[in-house]
Amino acid sequence: MAANAGAAERETVLSVQNVKKKIGGKPIIHGISFDVRAGEIFGFLGPNGSGKTTTIRMLVDLIKPTEGRILICGEDVNRHPERALRHVGCIVENPEMYGYLTGWENLEHFARMQEGITRQRIAEVVEIVGLGKPIHDKVKTYSLGMRQRLGIAQALLGRPKLLILDEPTNGLDPKGIKELRDFVRGLADSGMSLFISSHLLGEIQLMCDRVAIIARGRVLAVGGVDELIGQAGAYTVWQLDRPEEGRRLLAGDPSVKLIAEEEHRIDEALLATLPGGIVTKMEPDAVPRWVERFVRAGIRVLAAQKIAPSLEELFLKLTEGETIG
Amino acid sequence: MGNLLALIHNETIKIWKKKRFAVIVLVLIVLIPVFVYAQLKVTENNAQKFKDWRGELQQRITDNTNSLGSDRIPEEWKRWRRALVQQLQYYLDHDINPNSPNAVTFTRGFLNNAVTMFIPLMVLAIASDLVSSERSTGTVKMLLTRPVRRWRVLFSKLAALTLYTSLVVVTNAVLCYLIAGLAFGYGGWGEPVFVGFRIHGADVDTSSVHAVPQGVYLLMQTGLVWYSAMTVALIALMVSVLVRSTAASFVTMMAAVIAGSILANMSSSWHTAKYLFSVNLDLTSYLAGSPPPIEGMTLGFSLLILAVWGAAALFVSFFVFTKQDVLN
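If you're matching them up, the sequences are chains W and E in order. The numbering of the first sequence is our numbering, which starts it at 182 and goes up by one. The numbering of the second sequence is our numbering, which starts it at 12 and goes up by one.
Check before you lean on any hint, since a few could be wrong.
Which residues of chain W face chain E? A partial, calculated answer using Cβ under 7 Å [what the hints assert, rightly or not]:
| id | residue |
| --- | --- |
| 1 | ILE244 |
| 2 | ARG267 |
| 3 | TYR279 |
| 4 | LEU282 |
| 5 | ARG293 |
| 6 | GLN295 |
| 7 | ILE298 |
List of simulated lysine to any residue pairs, SDA-like, C-alpha gap at most 20 Å [unchecked claim]:
| id | chain 1 | residue 1 | chain 2 | residue 2 |
| --- | --- | --- | --- | --- |
| 8 | E | LYS334 | W | GLY206 |
| 9 | W | LYS245 | E | GLY149 |
| 10 | E | LYS334 | W | ASN259 |
| 11 | W | LYS321 | E | THR148 |
Note that these hints are calculated values from the structure, not bench results. As the structure is a prediction and not an experimental result, all values here were calculated from the model. Where is the CB? At the ideal position from N, CA and C, for every residue including glycine.
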């Protein structure tokens with residue numbers, strides 16, 4: 182991708198331009214480029230060990246790129262970190278804070294590292310993340326969820342234009358994940374850009390507007406979440422009371438693709454809830470027609486479920502059969 | 012600049028809240044009375060054995076002179092004893108009791124003994140995990156992703172370390188004086204102490220020996236203790252930047268310091284050992300006029316060696332800290 186691609190209607194907050202990184206002479210990142218625009222939630226999707234964390238560390242000047250540039254609000258992160266990082270709040274991996282200080286003291290500590298953060302602003306971010314009274318307890322007594330909140334509060338202190346969260350749902354329970362999603366959406370609505378990494382396709386799909394897919398240190402694709410993830414094609418799984426008959430019926434339609442068990446890569450845990458399910462690929466508008474056909478043929482439909490392709494499958498599609506580690 | 016002061020404020024708070032300094036004060040409050048008690052026993056014992064201190068001095072001179080004649084005593088020891096005899100003789104001639112205990116003499120003695128091991132140990136308690144703990148707990152990722160240049164972060168740590176090192180030295184002297192005073196009385200500031208002994212091979216050159224009030228002597232001594240404590244602090248800071256684990260960082264530094272004091276006791280024939288920093292930490296012994304562990308070492312030489320080590324450690328710390336990729 183050229184350096185100035187993605188010059189869109191909206192302001193570019195983060196611009197990664199042909200960034201390469203070698204560690205110990207071994208290339209880890211092979212020239213990646215993408216842009217994040219103002220007010221969007223940008224997903225950074227890749228399996229573990231694909232170079233996600235290395236890239237994120239380069240975005241916030243923890244690691245220096247061997248080649249290429251990273252601009253945040255037009256400032257080079259590597260050359261002027263003190264200017265570029267003013268616009269960034271981030272949590273790299275786990276939200277680690279000083280356990281021997283209270284939550285409030287931690288926030289004061291980080292507030293002192295940037296000009297113009299008042300006591301009032303600290304109180305404000307505590308309010309935003311809803312930490313409440315425990316803010317005056319020592320951080321070593323905090324649960325993971327509370328640490329996460331404190332980490333986000335810290336990241337929000339300087340009113341950043343870009344918030345970087347590295348695998349933010351790790352270790353959260355479903356309720357926590359839902360809260361985080363709503364929270365992230367709220368921040369984006371207020372004009373902030375978010376950069377969220379994950380190895381879970383579903384998570385990115387639920388949270389993000391656009392996505393960059395990375396594997397083995399290369400960006401395979403950048404685009405809208407729906408177009409990219411839709412591209413791989415979802416499965417429709419049918420659970421019928423007389424599956425053999427249904428299968429015969431489905432096989433008769435050339436626009437429906439029956440998928441054999443060894444061909445798909447749907448999570449087994451998902452399929453376990455649909456015993457005897459018939460895995461098919463069909464156009465979304467064909468589904469209601471088929472329900473009618475089954476009913477007319479006297480086959481009762483117990484369930485018809487759409488299942489998104491797995492990340493692995495998406496990668497297979499993008500790399501065209503090349504398997505990924 | 013406001014920014015830099017805020018950063019130093021941060022680092023000072025972190026060291027304070029880790030309660031390292033509180034532990035150091037606690038250790039001193041427990042240990043100093045033990046030493047004071049031991050000193051009290053020694054004094055009582057001496058008072059019983061020797062009716063008058065002049066007799067004791069004369070006795071020590073005779074003992075040492077006699078041992079010079081023995082073939083079984085190595086040449087290095089003999090040299091030291093010869094110097095000691097000359098000093099004792101000097102005290103005797105000028106009617107000064109070197110053992111008269113008071114709070115100031117006790118503090119003087121304590122600092123003399125503490126400078127090579129005890130004070131470095133306390134400095135290490137603060138310096139060893141200054142950077143390594145940020146890395147092992149992962150907080151370095153928060154610290155270095157704020158809009159502050161890395162050298163400023165390290166500089167603020169250095170400033171806080173300097174502050175606490177100074178505080179450790181002063182606390183040692185003050186606590187020592189206060190606690191010893193309970194047993195020996197708080198006087199002794201004006202008592203004369205002789206400085207200016209210069210060692211040339213086997214001779215003690217007493218030509219420039221003059222008396223200074225003990226208070227002034229204590230001040231000079233504290234300054235020298237501070238100097239060697241700062242050198243240890245700077246080198247520990249470097250090790251803390253280089254080594255990820257706090258335990259490894261502490262052990263490395265402690266081993267270096269201990270190795271120095273062992274070498275100082277045995278390596279009078281290995282001359283290049285005098286360029287090691289830990290052999291040079293015992294600055295106060297120059298003041299007291301004791302012979303140096305290795306021939307050719309002088310106060311100026313040791314100050315220079317420590318300065319070179321400190322400067323090199325600072326350079327490495329800043330170079331590595333500002334360039335390093337944070338991978339963990």
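Verification of the supplied hints:
1. ILE244: At about 4 Å, which falls below the 7 Å cut-off, the nearest Cβ of chain E leaves the hint on ILE244(W) intact, so it holds.
2. ARG267: Check passed: Cβ of ARG267(W) comes within 4 Å of chain E, closer than 7 Å.
3. TYR279: Check passed: Cβ of TYR279(W) comes within 6 Å of chain E, closer than 7 Å.
4. LEU282: holds, 6 Å
5. ARG293: Check passed: Cβ of ARG293(W) comes within 4 Å of chain E, closer than 7 Å.
6. GLN295: holds, 6 Å
7. ILE298: For ILE298(W), the interface hint is violated, since the closest Cβ of chain E sits about 10 Å away, which is over 7 Å.
8. LYS334(E) <-> GLY206(W): Holds, at about 17 Å.
9. LYS245(W) <-> GLY149(E): holds, 18 Å
10. LYS334(E) <-> ASN259(W): Judged against 20 Å, a Cα distance of about 11 Å means the pair holds.
11. LYS321(W) <-> THR148(E): At roughly 12 Å apart (the allowed maximum being 20 Å), THR148(E) and LYS321(W) satisfy the hint.
Checked against the numbered hints given earlier, this structure breaks only hint 7.
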